[in-house]
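A.B. asks: Now for the letters of each chain:
Number of protein chains: 2
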Amino acid sequence: MAAFKRFLIGRPLKTAELGEQKLNKKKALAILSSDALSSVAYGPEQILLVLITVSAAAFWYSIPIGIGVLVLLTALILSYRQIIFAYPHGGGAYIVSKNNLGVYPGLVAGGSLLVDYILTVAVSVSAGTDAITSAFPSLHEYNVPIAVVFVLLLTLLNLRGVTESASVLAYPVYLFVFSLLILIGAGLYHIMIGGVAPEWHTPIGTPIAGISLFLLLKAFASGSSALTGVEAISNAIPNFKNPAPSNAAKTLSAMGLILALLFSGIVVLAYLYGIKPLEEATVVSQIAEETFGRNFMYFFIQGTTALILILAANTGYSAFPLLAVNLAKDKFIPRMFTVRGDRLGYSNGILILGLLSILLIIAFQGKTEQLIPLYAVGVFIPFTLSQSGMMLKWIREKPAGWITKLTINTAGAVISFTVTMMFFITKFAQVWPVLVFLPLIVFLFHRIKKHYVAVGDQLRLATCEPAVPIEGNVIIVPVSGITHVVEQSLNYAQSLGAEQIIAVYIPFDREEEAKFEEKWKQWKPDIRLVTLHSPYRSIIQPLSKFIDMVKRKADESNYQVTVVIPQFIPKKGWHNLLHNQSSFMIRTHLLHHKDIVITTVPYHLKK
Amino acid sequence: MAAFKRFLIGRPLKTAELGEQKLNKKKALAILSSDALSSVAYGPEQILLVLITVSAAAFWYSIPIGIGVLVLLTALILSYRQIIFAYPHGGGAYIVSKNNLGVYPGLVAGGSLLVDYILTVAVSVSAGTDAITSAFPSLHEYNVPIAVVFVLLLTLLNLRGVTESASVLAYPVYLFVFSLLILIGAGLYHIMIGGVAPEWHTPIGTPIAGISLFLLLKAFASGSSALTGVEAISNAIPNFKNPAPSNAAKTLSAMGLILALLFSGIVVLAYLYGIKPLEEATVVSQIAEETFGRNFMYFFIQGTTALILILAANTGYSAFPLLAVNLAKDKFIPRMFTVRGDRLGYSNGILILGLLSILLIIAFQGKTEQLIPLYAVGVFIPFTLSQSGMMLKWIREKPAGWITKLTINTAGAVISFTVTMMFFITKFAQVWPVLVFLPLIVFLFHRIKKHYVAVGDQLRLATCEPAVPIEGNVIIVPVSGITHVVEQSLNYAQSLGAEQIIAVYIPFDREEEAKFEEKWKQWKPDIRLVTLHSPYRSIIQPLSKFIDMVKRKADESNYQVTVVIPQFIPKKGWHNLLHNQSSFMIRTHLLHHKDIVITTVPYHLKK
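First to last, the protein sequences are chains A and B.
Each residue of the first sequence is one higher than the last, beginning at 1 in full-length UniProt numbering.
Each residue of the second sequence is one higher than the last, beginning at 1 in full-length UniProt numbering.
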C-alpha cells in the first residue's frame, strides 16, 4: 500500500524541502496560463456564434468587439499587477475583497471562485476529450470514462507536486502557443500574397439591418469568456520562486501579451477569411485548413489545441488548493485543506477538486458546454469585487500615484461589472444557478466558522471552569465469557489500583445466567460480577442503563468511571466479518453518549 | 431513528415471547408452499416447450411425463415425511447429508440450497413483476425498480416476523389454489359437455417421428422444475407449533396433494385443449381464456397467478435464515446469522437474502429466466444427497419397517439423481456455473470454520500460557496543544497511579517546538514532555516509533503501556468533517499494530 502510493506520487518530501518546490517564471507561465490561453480556442467563435443570429454580413463587428475584449484584458492585467504588488502573499479575489470590502463580499468572491475552479476542470477536460474523440469517432461513446481518466491523471500529477507537473505540462503549452503563432503568421502571409478574395468579408462599417446594442453586448460578453483564468496567477503567488511578487507580475504581463496576440490574430484571420461557425469544425480548425490544407501542420494545430484544452484544467489544480488554504485559515472551510501532503502540495484540496469535477463530468455525461456561461459569470463576479476592493483601498490609503492606480482599477471594475450584468441579462436561463448556490455556499461558510469559533471558545483554558479533581476510579469491564481476552482485561483493570472493579455479564436467558454466575465464582471470586438479564437481546441498552447508575453514584464522590472493553483483533481484515462487532459497537455508543473514559484492551490473535 | 424502525417492523419482542411466534398448519402451508405451488404456473409449460421442438402432435407425451413427475413428487413427499420424523428439529438437506454422509456432502447440500434460496427470491419476484407489467405495458421499462420494491416489501414483512407475514400472505396463496381449482373444475365440465373437439389433440399412443429418449428425459427434467420448493417444510420445522414434526408432516402431505391436483389438472386440460406454448400468453392463461373467455374469472386467475409468483419468494425468506442458523451454529458461516432480531426472526439472514437477491435482479436486469435451470439443479443436488443420506441411515440403524423406508428413500434418491443428471446432460450450457460456485462455497465454508476453530483454541483458557502479571503502568498521552481536552486526559492519567506518565508532542517545525516546550514548562512542570520533530508531517510514524521504544523498556519490568488519547466529540455528526480525525486515526493504527492498551478520554462539546 505504502509502496504503491510512493510509486504513484513519489517519495515523501521534508517540510524543509519546500523551497525547492517553487516555480520559475517559464514553468509558472505554462501551468498558470493554460486556462487563459486555451480560451483562444473558443473565445472568438463565441462572438461569431452571436453575430450569425443576424447575418454573416454582421461579422465585421467582431473586429470592434475584439478590440473591446483587448481593452478589458489590458485593464484586468494592469489591475491584477497592482493586486500582486499590494498582496504579495497571494491576493486572490477572496483576500482583496475581504480586506477592503468586508467579510461577506470576500466570501462571495471566494465561494464563487471555489466553484469556478471545479467547473474549470470539468469543462476543460470535457472539451479536450471532445476534441480528441472528434478525431477518432469510434471513441466517442467513451467520452465520459476518457474524461475521468484525464482528471485522474491530472490529479495524480498535481499530487506529485507543482514543479513536477509544471515540467510535464510546459511542453504542450508552449507547443500550442508556437503552433498558433505559426498559424497566424502563415495566415497573414497567405492574405498578403492575395490568397483571400475581398468579397469573402463585408468591409468594416457596413450598415447591417437588425443589429442591436443588446446583441453587440451579448457578443462582447461571450467573447469575454476568453478572459477566464487571468486571475489564477494572483492566487498562486506563494508558488513562485523569490522574489515572488515581481516574478508573478512579469509572468502575468507575459501571459497578457501572448493572450492578446493570439486572440487578435484569430479574430482578424476569421474575419478576413469570412469564416462561419460550423457544427462540425471549429473556427481555429477552419482557419488552419484554409491556410495549410489538410496536411501535417493542420493536424499539429488540432492536436495541440485538444491538449491545451485538457491542460487548462491544471490552472484549477494550481489555484483551487491555495484559495482553499486561505479560506481554511480563516476557518470558513474544513481545516484539513491546510494540511500539506507527502509531496508538500495541499493534497486534500487537490483530491477534493478531482473528485468533484469527476462527479460533475458524470452528472452531465461529459456535456459540460452548458456550464460555460455559469463558469464565466463565476469569474466576473470575483473580478468585479476585487477591482472594487482595490478602488476602495487606493481611496483610503492614497499612496503615491494613487490616481493612476485608482483609474486602472476603476476601469477594471466597471468593465467587469458590465460583463457580469451582460451575462445575467442576455443568458439568464443559464446563469441563474449562481443566485442559488452562492448564498448557499456563503451560508455554509458562515456555519462552519461559527462552529470553529464555538469549539475554540470551549477548548481554551482561560474560559473553562477548572476541571473537577478526580478522587478515585470505578472500572466497569463488560465480559462475554470466561476467556483469555477477558482475563487480560481484568488483569489490566486490577493493575490500575482503582477503588472499585465491576465485571458485567449480559445473558439473554435465565438458565445461561445461573450457569455463568456459578462458573465466575470459581474463576474470579475476588472480582464483583453483575449480571444484567436482557429480555430484548440487546447488549447496549442494559449496559448503558447500568453505567448511568454507576456514574450517578461515582459523581457524588468525584470518582471517574472507566469502561474497559476486552477486544480481540483478528490477524486478517476479512476475519472481522466473522465476528459480531460487539466491542466496537459498545465503544462507539458509549463514546458518543456517555461522559466516561473508554479503554480498549486488545488481544491480538496469532493465527 | 429508533421510532422509524419501530414503525417499519413493530415493537421489539422479548425472547420469552418466542412461542407465540410459531405457525399453525394453515398459515405454514401458505407461506411454506407458495414456492412449490407457484411452479404449477410454469411447470407444465416447460414440458410442452420441449415437446414442441418435435411437433404439436407429440403433446400427448405430456400425459406420461406428467405421471412421471407425479411419481417423483410422491417419492419426494414420502421421503421428506420420513426426514421430518427422523430430524424433528429441522432436517434440511444440510443436516441430513452431514449426519449420514459426512461433512463435505452436507456442505455441498447446504451451500447449494443457500444459493438456491437467493435464486428463488430473485427468479420468483422477477417472474411475478413480469406478469404484472405484461398487464400494464407502460410499466414494463420499470421492471427492475418494481421488482426491487417487492423484494424490499417482502424483506420488511419478514423482519416483522414469521406469523405476521403468514397472516398477510395466506390470503393470496389460498386464493390462487381456489382459483386454479375452479379453473380445472370448469375446464373439465367444459370438456364433458363437449366444448372440445377430439381433433384438437392427438390420441395417446400415436407414434411420432423424431421423438427420442433424450428428448423425453429433457421434457421430464423440465417438468420436474415444478417440484422445487418441496423441501422447504423440512427446513422450517422449528417454526411450527407443537407437536412440530407431526404438524409439519401433515402440512407437507397437504401441500403434496394440492400440488399433485393442480399439476395434473393443468397438464390434462392443456393436452385436451391442444394448447401450444406461445410467446405472448402462458399455458394457464390460454386455458383460462378457452374456458371462461376474457371475463372477470380470466383476470382473477391471471392476477392471483402473478401474486403467487411474487409470494413464492417468501419460501426463500422462511427457509434461508433457518438454514443459515444451522450452518452458523456449525461455524461454517459468520456467527451473526444466529442472532435473533427485535422481532425474534433471524434478521441478519433476512437482510442478507434481500440484499443479495436485489443485487441479482439488478445484475440480470430482471431477466432471471436464464437462472431457472441453475436454480432447479441447485435443488435436485441436495434432494439427491439427503435421500441418499436417509438410505444409509436406514441401512445402518435398521429400525422397525426399515425395508419400506429404505425403498421409499431409494426411489427418491434414484429419481432425484436421474433428474440432476438430466439437467447436466440436456442443459449443460445453463447449469455449468454450479460446478464453479459450489466448490468455491464449500472452500469458503471450510476457511471460515478453520478460522473459528483457531480463534476458539487461542481464547480457551486451558490452552493459553498464564498471563504475565502486570507489575506497573506507563502512560503515554499524545498532546496537540494546551487545551481543556488535553488537561482532562492528563488529570485522568494522573489519577491512575501509574509508574510513569509521558506527554508527547509532535511539532512539524523547529520554531513551534521551542515555543511549545516553553509554554509546557509553565503549565505542567510536573509532567514529562517529549517532543518528536516530524520532518515529513506525519503524526503516526514518530508516535509509533516512540511507543515501540517505550514498550521495549516497559516489557523488561513487566510494565503495561497505555496510550491515553484526548478526543473531543462534536455535538453534531457533520461537525466531524470539520476536524482532522487525528485521535481516531492514531487509535485505529495503534489498535491494529501495537500490543498496548488504548484509552480514549472524550470531551463532549456543548455547542
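Keep in mind that a hint or two might mislead.
Which copy? The list can't say, so a pair holds if one copy fits it or any two copies do.
To be verified - In silico EDC-like pairs for lysine to aspartate or glutamate, Cα to Cα no more than 16 Å straight-line: (1) 276 to 512; (2) 14 to 509; (3) 606 to 595.
These are calculated hints, taken from the structure and not from any lab test.
A.B. asks: Taking the hints in turn, state whether each one holds.
C.D. replies: Here is how each hint holds up against the structure:
no.	hint	result
1	276 to 512	neither (88 Å within a copy, 63 Å between copies)
2	14 to 509	between (59 Å within a copy, 10 Å between copies)
3	606 to 595	between (34 Å within a copy, 12 Å between copies)
Of the numbered hints stated above, the single one contradicted by the structure is hint 1.
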